[in-house]
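K.L.:
Add chain R to chain L, keeping to what the hints say.
There are 2 protein chains.
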Amino acid sequence: MPLADMLHFDEKGLIPAIIFDAGTREPLTLCYLDRAALERTLATGLVHVFRRSHGRVMLKGETSGHTQRVVDVFADCEGNSLAIAVEQKVAACHAGYYTCYYRRYDRAKDALEAQGTPIFDPSKVY
Amino acid sequence: MPLADMLHFDEKGLIPAIIFDAGTREPLTLCYLDRAALERTLATGLVHVFRRSHGRVMLKGETSGHTQRVVDVFADCEGNSLAIAVEQKVAACHAGYYTCYYRRYDRAKDALEAQGTPIFDPSKVY
Numbered sequence: 025m026p027l028a029d030m031l032h033f034d035e036k037g038l039i040p041a042i043i044f045d046a047g048t049r050e051p052l053t054l055c056y057l058d059r060a061a062l063e064r065t066l067a068t069g070l071v072h073v074f075r076r077s078h079g080r081v082m083l084k085g086e087t088s089g090h091t092q093r094v095v096d097v098f099a100d101c102e103g104n105s106l107a108i109a110v111e112q113k114v115a116a117c118h119a120g121y122y123t124c125y126y127r128r129y130d131r132a133k134d135a136l137e138a139q140g141t142p143i144f145d146p147s148k149v150y
Numbered sequence: 025m026p027l028a029d030m031l032h033f034d035e036k037g038l039i040p041a042i043i044f045d046a047g048t049r050e051p052l053t054l055c056y057l058d059r060a061a062l063e064r065t066l067a068t069g070l071v072h073v074f075r076r077s078h079g080r081v082m083l084k085g086e087t088s089g090h091t092q093r094v095v096d097v098f099a100d101c102e103g104n105s106l107a108i109a110v111e112q113k114v115a116a117c118h119a120g121y122y123t124c125y126y127r128r129y130d131r132a133k134d135a136l137e138a139q140g141t142p143i144f145d146p147s148k149v150y
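Heads up: the sequence lines are chains L and R, in that order.
Residues 25 to 150 (my numbering) make up the first sequence, in order.
Residues 25 to 150 (my numbering) make up the second sequence, in order.
It is possible that some hints are incorrect.
Which copy is meant is left open, because identical chains are indistinguishable; a pair holds if it fits in one copy or across any two.
[Stated by the list, open to error] Here are the computed lysine to any residue pairs in the SDA-like style, where the Cα-Cα straight-line distance is at most 20 Å: (1) Lys-148 / Arg-93; (2) Lys-133 / Pro-26; (3) Lys-133 / Ala-28; (4) Lys-36 / Arg-76; (5) Lys-133 / Asp-96; (6) Lys-133 / Arg-80; (7) Lys-36 / Ser-77; (8) Lys-36 / Asn-104; (9) Lys-148 / Gly-103; (10) Lys-148 / Gly-85; (11) Lys-36 / Tyr-56; (12) Lys-133 / Gly-69; (13) Lys-133 / Tyr-56; (14) Lys-113 / Gly-47; (15) Lys-133 / Arg-64; (16) Lys-133 / Val-114.
Please keep in mind that the hints were generated in silico from the structure rather than gathered at the bench.
Extracted from the complex, chain L is given alone in its bound form (with noise of 0.2 Å):
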């Protein structure tokens, strides 16, 4: 059975992917995939995602050329989300670090500290 059958998308055809790293296991990003991106993405190889700002399926790094490599699909108990293990090119943030989650709250400070240094420049990238 095609995984897409196998699962729940939600009242906007969507449902939420966790990216995450095939080494490390870290989290690099959470994405969102229609019926078409998940096609998609196990037709090729890469995450593709639906893009709300755009209205559209897109290949993730389209842009930048950051692409992810599927190592591994993994669906949830009730197959209302996914987890997407993958080998990532250069970085999954826009911002420039590996991971979207490089900000880490600080209890004492009552703030969100930056982790690590970025990978690359998001000015030359984008």
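P.N.:
Then chain R, alone, in the frame of chain L:
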């Protein structure tokens, strides 16, 4: 500034949070928090979620006792989602598996296949 003020909650007042194992970094589940659930999570150090089916804030593991102790909270680059590193008690999934993402998509068989074995017997817990 309170963490909630640095985030964007969606039109239902929710923000998605990737819950992942603080040790192995594996994704465990995806849940949704409203402002109250986030405040309760930070105040108690235990993950609280807004359970849509119940229409209220609940301690994750309220019924099973399988709670998640917060180790670190990360916000994504745009403040649209969270990633919370936790110490998981027993298992994250109500189906008995450690992670909700225990079903791997097998491309050749076009099927979801359970990986590993359940940690507990759901019929004895719920």
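K.L.:
Run every hint past the structure and note whether it holds.
P.N.:
Here is what the structure says about each hint:
1. Lys-148 / Arg-93: Neither, since 23 Å and 40 Å both go past 20 Å.
2. Lys-133 / Pro-26: between (48 Å within a copy, 10 Å between copies)
3. Lys-133 / Ala-28: The answer is between: 14 Å across copies meets 20 Å, while 44 Å in one copy does not.
4. Lys-36 / Arg-76: Classified as both; 10 Å inside a copy, 17 Å across copies.
5. Lys-133 / Asp-96: between (38 Å within a copy, 14 Å between copies)
6. Lys-133 / Arg-80: Neither way: Lys-133 and Arg-80 sit 40 Å apart in one copy and 29 Å across, limit 20 Å.
7. Lys-36 / Ser-77: For Lys-36 and Ser-77, both the intra-copy (14 Å) and inter-copy (19 Å) Cα distances are at most 20 Å.
8. Lys-36 / Asn-104: both (13 Å within a copy, 17 Å between copies)
9. Lys-148 / Gly-103: So Lys-148 and Gly-103 fail the 20 Å test inside a copy (39 Å) and across (23 Å) alike.
10. Lys-148 / Gly-85: within (15 Å within a copy, 46 Å between copies)
11. Lys-36 / Tyr-56: both (10 Å within a copy, 17 Å between copies)
12. Lys-133 / Gly-69: between (42 Å within a copy, 17 Å between copies)
13. Lys-133 / Tyr-56: Close neither inside one copy (32 Å) nor across copies (25 Å); limit 20 Å.
14. Lys-113 / Gly-47: Classified as within; 13 Å inside a copy, 24 Å across copies.
15. Lys-133 / Arg-64: between (43 Å within a copy, 18 Å between copies)
16. Lys-133 / Val-114: neither (31 Å within a copy, 32 Å between copies)
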